[in-house]
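Colleague: Chains as they are written, first to last, in the numbering used here: chain V, 1 to 115; chain H, 1 to 115.
Note that these hints are calculated values from the structure, not bench results. All C-beta atoms, glycine included, are put in the ideal place defined by N, C-alpha and C. Check each hint, because a few of them may be wrong.
When the alpha-carbon atoms are kept at most 25 angstroms apart in a straight line, the in silico BS3-like pairs for lysine-lysine are as follows [stated by the list, open to error]:
hint	chain 1	residue 1	chain 2	residue 2
1	H	3	V	64
2	V	20	H	3
3	H	102	V	41
Stretches of chain V that chain H covers, calculated by requiring three or more beta carbons in the stretch to come under 8 angstroms of a beta carbon on chain H [as the list claims (entries may be wrong)]:
hint	region
4	86 to 95
5	102 to 113
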Amino acid sequence: GAVVSQHPSWVICKSGTSVKIECRSLDFQATTMFWYRQFPKQSLMLMATSNEGSKATYEQGVEKDKFLINHASLTLSTLTVTSAHPEDSSFYICSAGISGANVLTFGAGSRLTVL
Amino acid sequence: AQKITQTQPGMFVQEKEAVTLDCTYDTSDPSYGLFWYKQPSSGEMIFLIYQGSYDQQNATEGRYSLNFQKARKSANLVISASQLGDSAMYFCAMRESTGGFKTIFGAGTRLFVKA
Numbered sequence: 001g002a003v004v005s006q007h008p009s010w011v012i013c014k015s016g017t018s019v020k021i022e023c024r025s026l027d028f029q030a031t032t033m034f035w036y037r038q039f040p041k042q043s044l045m046l047m048a049t050s051n052e053g054s055k056a057t058y059e060q061g062v063e064k065d066k067f068l069i070n071h072a073s074l075t076l077s078t079l080t081v082t083s084a085h086p087e088d089s090s091f092y093i094c095s096a097g098i099s100g101a102n103v104l105t106f107g108a109g110s111r112l113t114v115l
Numbered sequence: 001a002q003k004i005t006q007t008q009p010g011m012f013v014q015e016k017e018a019v020t021l022d023c024t025y026d027t028s029d030p031s032y033g034l035f036w037y038k039q040p041s042s043g044e045m046i047f048l049i050y051q052g053s054y055d056q057q058n059a060t061e062g063r064y065s066l067n068f069q070k071a072r073k074s075a076n077l078v079i080s081a082s083q084l085g086d087s088a089m090y091f092c093a094m095r096e097s098t099g100g101f102k103t104i105f106g107a108g109t110r111l112f113v114k115a
């Protein structure tokens with residue numbers, strides 16, 4: 001079945017640094033990937049739609065300069081949290097859809113802690 | 001705008017009994033898909049079941065069934081013969097045909113299965 005690999009699973013960084021999270025589709029090509037953010041005991045909030053070869057589409061209220069998304073190939077999308085602050089600490093999950101299928105496949109998530 | 005509502009923050013069920021998790025939705029798109037995902041404490045999102053808006057029959061997947069009432073805009077998840085391993089967060093989600101794979105999630109219901 002379709003597998004989405006997300007790396008790293010855990011990351012701790014100092015305030016002011018940037019952190020990159022990778023999302024890879026391992027056995028299929030994903031022209032579109034989605035990035036979600038989840039605070040503890042809350043739902044998944046869609047941050048942006050990552051489009052291969054073009055700019056990401058951000059949801060209302062999401063700072064595009066803070067959360068940089070790059071989808072350089074059909075199997076890789078990256079989310080960079082720039083100048084991270086403690087309030088950016090969260091669980092970030094990526095997902096991808098397979099053409100012709102109904103279901104999104106999710107990565108295992110990345111837990112970011114900013115000290 | 002599409003919206004998903006889960007009104008049960010937490011639910012308890014006795015092992016081996018059935019439980020219904022509620023979900024209502026709102027959309028103006030006549031073509032849409034409804035999903036249920038399970039999220040254990042590890043954080044991964046596990047797909048459980050899918051219902052298309054034009055599907056005539058309620059979806060079933062093993063112990064999971066979706067009680068789809070289109071006129072009421074509800075898509076409740078029924079878990080039969082609950083097991084201890086069913087304890088997790090459960091999210092109802094929806095995707096409109098006009099949004100590609102873009103999927104939004106409800107607030108979630110935490111299910112506790114008692115031995």
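Colleague: Are the hints correct? Go through all of them and say.
Modeller: Against the structure, the hints:
1. H:3 with V:64: 24 angstroms, holds
2. V:20 with H:3: 31 angstroms, violated
3. H:102 with V:41: 22 angstroms, holds
4. 86 to 95: holds (count 3)
5. 102 to 113: Holds: 8 residues of the region 102 to 113 of chain V have a Cβ under 8 angstroms from chain H.
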